[in-house]
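Protein chains in written order, with this note's numbering: chain A, 1 to 632; chain B, 1001 to 1632; chain C, 2001 to 2345; chain D, 3001 to 3345.
These are calculated hints, taken from the structure and not from any lab test.
All C-beta atoms, glycine included, are put in the ideal place defined by N, C-alpha and C.
Hints are all accurate, no fakes.
Per label pair, the in silico range of CB-to-CB distance:
1) Q2290/C - G3151/D: 28 to 34 angstroms
2) E2158/C - T3008/D: 54 to 60 angstroms
3) S137/A - P3262/D: 55 to 61 angstroms
4) D1527/B - K432/A: 48 to 54 angstroms
5) D1126/B - L3341/D: 46 to 52 angstroms
6) G3326/D - G2295/C: 41 to 47 angstroms
7) A586/A - V1122/B: 51 to 57 angstroms
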Amino acid sequence: MTSQPKGHNGHANPLKDKRIINDFTIEAATVNGSGSQTANLVLAKSIINMGIPVGPKNIFPSNIQGLPTWYIMRVNEKGYLARKRTIDILVAFNQATYLKDISMVRPGGVVIYESDFTLTGVAKRDDVTYYPVPFGSLAQHHISEIKLKKLLTNMIYVGVLAEVLGIEASAIEAALTKQLRGKEKAIKVNLDAIEVGRKYFKEKLQKQDPYHLERRDKTEGMLMMEGNTASALGCVFGGCTVVAWYPITPASSLAESLSEFLEEHRVDASGKKNYVVIQAEDELAAVGMALGAGWAGARSMTSTSGPGVSLMAEFVGFGYYAEVPTVIFNVQRSGPSTGLPTRTAQGDMLSTATLSHGDTKHVMLIPGDIRECFSMAVEAFDLAERLQTPVFVMTDLDLGMNAWLTKPPEYPTKPFDRGKVLTEEDIKKLGKFERYKDVDGDGICYRTYPGNPHPLAAYFTRGSGHNEAAAYSEDGHIYQRNLERLSRKFDTARTLVPAPVVDSVAGAEVGIIAYGSTDQAIAEARDTLAATGVKTSYMRLRSYPFDMVKIEAFFAKHKKVFVVEQNRDAQMAQLLKLELSLEQAAKMRTILHFSGFPMPFEVIVDGISHKAAHAKHLDVEQKMPEIVTGGE
Amino acid sequence: MTSQPKGHNGHANPLKDKRIINDFTIEAATVNGSGSQTANLVLAKSIINMGIPVGPKNIFPSNIQGLPTWYIMRVNEKGYLARKRTIDILVAFNQATYLKDISMVRPGGVVIYESDFTLTGVAKRDDVTYYPVPFGSLAQHHISEIKLKKLLTNMIYVGVLAEVLGIEASAIEAALTKQLRGKEKAIKVNLDAIEVGRKYFKEKLQKQDPYHLERRDKTEGMLMMEGNTASALGCVFGGCTVVAWYPITPASSLAESLSEFLEEHRVDASGKKNYVVIQAEDELAAVGMALGAGWAGARSMTSTSGPGVSLMAEFVGFGYYAEVPTVIFNVQRSGPSTGLPTRTAQGDMLSTATLSHGDTKHVMLIPGDIRECFSMAVEAFDLAERLQTPVFVMTDLDLGMNAWLTKPPEYPTKPFDRGKVLTEEDIKKLGKFERYKDVDGDGICYRTYPGNPHPLAAYFTRGSGHNEAAAYSEDGHIYQRNLERLSRKFDTARTLVPAPVVDSVAGAEVGIIAYGSTDQAIAEARDTLAATGVKTSYMRLRSYPFDMVKIEAFFAKHKKVFVVEQNRDAQMAQLLKLELSLEQAAKMRTILHFSGFPMPFEVIVDGISHKAAHAKHLDVEQKMPEIVTGGE
Amino acid sequence: MADIPLKTAVNRLGLTIEPYKGLTSTLCTGCGHDTITRHVIQAFYEYGVEPYKVAKMSGIGCSSKTPAYFLSRSCGLNAVHGRMPSISTGAKMANRSLMVIGVSGDGDSASIGIGQFCHLARRNTPMIYIIENNGVYGLTKGQFSATADPGSKLKGGEVNMFENIDCAALGIMLGASFVARSFSGDPKQAVPLLKAAIAHKGLALLDIISPCVTFNNHEGSTRSYPNVRKIDSPVHELDFVAFYETPTVEYDPGQTKEVEMPDGSKVMLKKLAKDYDPTDRMAALQAIEQSRKSGQLLTGLLYVDTAKRDFCEVEGMTETPLNELGQDKLRPSRERFTEILKQFA
Amino acid sequence: MADIPLKTAVNRLGLTIEPYKGLTSTLCTGCGHDTITRHVIQAFYEYGVEPYKVAKMSGIGCSSKTPAYFLSRSCGLNAVHGRMPSISTGAKMANRSLMVIGVSGDGDSASIGIGQFCHLARRNTPMIYIIENNGVYGLTKGQFSATADPGSKLKGGEVNMFENIDCAALGIMLGASFVARSFSGDPKQAVPLLKAAIAHKGLALLDIISPCVTFNNHEGSTRSYPNVRKIDSPVHELDFVAFYETPTVEYDPGQTKEVEMPDGSKVMLKKLAKDYDPTDRMAALQAIEQSRKSGQLLTGLLYVDTAKRDFCEVEGMTETPLNELGQDKLRPSRERFTEILKQFA
Ligand SMILES: Cc1ncc(C[n+]2csc(CCOP(=O)(O)OP(=O)(O)O)c2C)c(N)n1
Ligand SMILES: Cc1ncc(C[n+]2csc(CCOP(=O)(O)OP(=O)(O)O)c2C)c(N)n1
Ligand code: SF4
Ligand code: SF4
Ligand SMILES: [Mg+2]
Ligand SMILES: [Mg+2]
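Isolated chain A (complex conformation) (with noise of 0.2 angstroms):
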């Protein structure tokens, strides 16, 4: 047996002699590039497998090798997957940090840690269980493949944590069997591995720790998806055909996948593709093209994060007053183009909403977990279609590119909806047609697809200037007349966008207000909050423009009512204050989060229950190491 390093901290450990059942946080801190990925994803799907509910959080830099990197999992068998400030296993696979990483685990955790690396400062602790692998030497000793010594490793510290938590071999091999589908010697070789861990936990180590996982029945019929996969499927089922884009992370991967499923679901029985996707030179050719499409009447998309829907303003601006449809994927990243791109935030929320200059306002729609992913990218084809204008969906990188654990999505039963089609029957039958004409009171005027062959079908598009017969026109009366439809089609917006979802509780004083990926977060802080007394009640909101009656009727009800995300300036809270009126926005609190890193459910418990007031800048990350390194 091997012994446990001392500390010099002279804490004791508070969890000496507990048991903890499915309920803790496992980070792998490693290098990216390294090969982590698959190590860490069955480690997952195994510890699913047992059915026990998993949430992880991939934590990656900006770049392609060689930097740190941390996969946080969340392990709660009520389904409680939100970040967690506490991490109580650390696997500490990178030299780099290893020592912050240590310093970091919670009194009475677990660090695994590779046994070549000395425990200096900080990281040399009494309150905590050490357990020392010699993870290079095990795979230099075990793995034959030279090429894969290194890949292999990772899967070492798999086998390890297995024997520790004690994860039935069958979860893992089921797990692998699934991720390496067909693959048998790589299966073979990665079990080994795994064997090899588990090994030597078993002969030279021995469980200190509190950390248990018991079998549960939570995780059937679950799936492991990305929100951009999610979207992306969206993107089929709704109907897309153009689609355009340009790399850029988080947003990519939305397009990848979305064109790996097109390729696979969308070629007809002759190869010929029911569709098409371009990488476009950059973003500005990438919505030109999208709207290009929906003029001509396809369902077209775009995908891109604040860099691109900047570039894209102009652009967008010009969608919204020639009223032409398309369908933007916001994935939403920290910062300005040289931030950290490779973090999260809801941070583009008020300048999406009024990108472009002139009046503009857009449509988002805001998907609050995988489902949604889902089922919003479908409605917004029909959205934009119906109201003739660009449609915005708002997710972020936490969203669009971790795996979350979700119910399946729903097979959509609702038809395409595409919105005041004319045809040339429909012109034949009418014996006119106006462009721009606000026919029905909605805002919404009739439009014909080009090579409609009627010849009163043919107008032509510009900005705002236009009467209703779509000729040109520099006429004021005309211009503000045109101006107020659009303000009357967006109202008309308000009542066919996703309405808010609310929890409401009986006899709760405070109301929480937030929207995407916090969902998970909100929930566990109002459980929290509920242990000790405090009730709340909770809107989620899911679209903008916003159905003000039903937001007056929550504030109402409430005292104080939280407005929570992931922006420094409460972006969304200023949206709601403009049109808030003014005794129900003296109510409004915000409490806001914005390393980057996902928020953690505490933040808002901290924010609720401790901050009386203007609950500000409750909650500076202090999570990860500096590191300096070249740009991104």
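Mind docking chains B, C and D with the ligands on chain A? Use the hints.
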């Protein structure tokens, strides 16, 4: 004597036998590209030479030749030069629009028209005075140079008006001489053409209208200047050395006159330029060049309008986060890109304030008159360098491209403020340099210019992913702290930008908040209201971020505060609402005008006197006939 | 080549010229762009293109206004400055049965739009792309564009100091499969070239010199009518024989090169001073460069590759317009859905 | 050519190589970009450029990160994607005494940045412009860029169907006065080329093929190390003799072309298989096109015009850096002010 045509609407002339002196509006309805511009200018200047203030507005189409143009001259001895809804005297020169043009003249007004035009329908009125003039045949017979016939026809109407209104011959001669400086022959033929008009009126027509001009002394020492010219001059005197721009109406004339001023006043003895002007390939390049120059320590600028600002969005966000100074003029126009590019608006206030993805906020200076177009241009360079950030100067087509009667700008006496820049010497003394350390607590850090020989002087500039020493960092803590410092810097900006100008009237219950080109309309509206017993105070905003102490105080003093602006969405009111206390916000009302025509003062009077609650969409501009033409 | 025919004459579709016309132009009297508009009307009428099957696209500029002045029965889209290529690409992708004709200016294409221009050429996107090239920004009152010749003068005396971007050369270099240059004042050349462009399958790029009478038609400008007439150097004389026509004249095979277009039409190139082979990419580039050096303006069908695969073909798209595909084709079945989800279990 | 010298060795400025180095690279082990970084360090050190007088500019991409890895005593600016040319132009205009070196990638330059690239070339803006060309977007994980050769394969098997944009040819065509191509793996060629670029006066463009080991170094990729080695076809052998050096070898005049750079340095071009004249623009374009056709990669100093006026000269700018001009030079006097205002009275 030619006889007056008879009308058929049966309305009596309400001004019969009245005498109106130095208070009316003249509208010359012509066709663009026909050379009426010189005639109109001479006319305006002649009246000014008589000591009577004139405020012209040129309403022109988005094309180069052949479409309707209206030159509207407000003549008012009290100095009210805002746009007024009523037209007193029309020169109907445009065959395509004369019917509608005539129908819009106020009852009692005057119509001078080409006698070839047949008066029919709405243009056949009993309540106006008609002066039919055979301009075409007069030109045919009296102007010898064939090439000039068309051009000089315009001068004939100047002659007619001179005779009708009593413009002194010496005043016209002085105006012409100035306008055509040195071109003796041209002056002569123009004077002759004017004389043709005078003579025709004297001999063939008889004055029957109430309008008269009488010499006053209200224009002594005043200049006629366009806002863009004044801004350009401000750039010269503000020490701007690098100009990068891309043509766009209504901003082009700013860069073009700047270029001319520089050529004249910034070339050294050896013929070398102490500046550079680059016509960039587009706005993305223009702002990139301006930022590159600002980074390297030059005072740089670019000028554009809404579409250009939209294209600059990504780069400007980078400038905000990387803290690079430059000055950006946004001469606002209507619409999206194919909107009404030759119409005025204040429609980019909100999108410019929050331009770019992520949490960004920008400093905006908002000149309200020609003197401020100059002084704020000068100031913008100081502020950009002091605050190390892109600074916007927000004007509009009305202020930028129309000639305004103004007191001369003042020579700037404040020396350049180059901000916190460390020289080699400075660093020697300090012994260190940290680019992003908030040494002074105002959020503004010290910078060096590239080329500083001190070994510690160099640093690497990126967006937000850096620590205080400018090293790359993905640390969440550091990221969040940096963003908070930028907020702090924005608060510092609040104390440095031009404060609002307040005119507080004892006993006033109504406050008016406005900004930019509507200043004169507000002044007249207030006097008009005062005459009816409604006292108003006035706060003119001159910058963003706001001085909330002053603004709160202003609200606190009044029962209602009307925010007056030229856009649909009440953009400045929105920005105010975000920062106002709820108590004060409750008092806010909006008066919006967004037809593309400059705000008529009556809109404000009506808005305040008649509308109680949310005055919205008060005025729909009904002036201009519909024109069906091509795109823009 | 016929003049614009009488109102009663009809083309092979039985259409008079009326639906090929558009609104009255609002450009300056004498503007080259208006002449090009006439050429477009004539070419589309004579070839017999169904107007409703055409989509007219443009950016911003005087030139970009012209789609309003032809083919009133075709839908048109006046997009933002410099982005006609992307919006056209999108429209074409949505409905590949549309004939897309894009009109742009030299500012629109060679300055702000050069990026989209390059990439459109590279993709050989099937459409007709006309650059109405006057060497200046007309609509913003006459600044130099990037196609202005070095040494050319503005009205105010300013001299252009930079090399011009030759969009025809660039197009050839980057992959456009049909590249022509012409002069608005030469209908004998421009109209057959436009018809050939209609008959072409990939990107048909036409750089048409089109003097701006208001800002660039003075002494000292290389883009004035007189100067363009002077330097215009056609590489051949051109005739277009549509697939449904029989030639009305005899062509001397020794003096005539015949280019067969994908639709069976023929472009007859009659030899002028020198031999010119428009199917040799390198030779074309060289000829352009030489003419540039000698201050000449090479016009004609400069380069053509009738076999090159266009973007839709390369992408393997279905022939059916994508905008006509119904939910049945677009939304996979519930079974497929379940199948797909299994991968994520 | 010396190898990277000992730490104690100094160059003509008395500087060791230390200040020419930068931070430790965070790129993938074996990345071509890191090798180019070493070449830059060596060239700047050997030539003896004052580090503080250099400004390092870049866009976004793995390549655009490299300025952090050389010349630690020079200021650097990592701008937005595709906009290095404009930000560099601005910096150079502000201080023309700075030596501006811009590093970009093929995605950064040939896709999103192609517009700024073209116009920078057209202006012949004085700076060194390196494209670290790997045919893919490295930082976003390996999609094709627009410089990928047709037929080249991605790791996943996807084949590039479009013609590649050749930035060297484009640069020559549009007005760059110094255009070279090299291979990261060939220091004997790359380092002298970089020195020649330092000695040049206008725009010195270097398209350096730089394999991406992670995403584009496999069989089937034309940009893999083995394949680039195979197709690399130098047009000459290169030596650089700085103005302060005396040649250490004898050059056979019959076999060597000498290019004298504006600072007095000399580039010695030793003839290989064929004669190559880098001062003939058309010939250069032709040679590139031919090599492209035959699947070769032409490297060396492809085109140079040492006499061409650069942007600052064309603009008639003062020699004094604009950022050093004080208020006395920049703000005209009160008298002038009054004089100017009179025009508006
Ligand atoms: C983003 C943007 N920038 C600038 C403008 C202003 N603008 C309108 S047309 C034009 C140039 C037109 O030149 P060209 O394409 O050559 O057309 P021409 O008028 O000469 O036919 C410019 C710069 C604009 N509309 N949008
Ligand atoms: C506006 C914008 N769009 C997209 C991106 C994402 N992005 C970062 S680097 C890059 C491409 C890099 O390719 P290349 O220039 O060839 O550099 P390499 O990594 O291959 O060296 C892209 C698309 C971005 N940063 N900004
Ligand atoms: S300005 Fe020039 S390009 Fe524009 S319409 Fe007039 S002549 Fe034509
Ligand atoms: S991904 Fe490719 S280009 Fe980027 S650092 Fe790695 S090897 Fe170099
Ligand atoms: Mg032009
Ligand atoms: Mg690359």
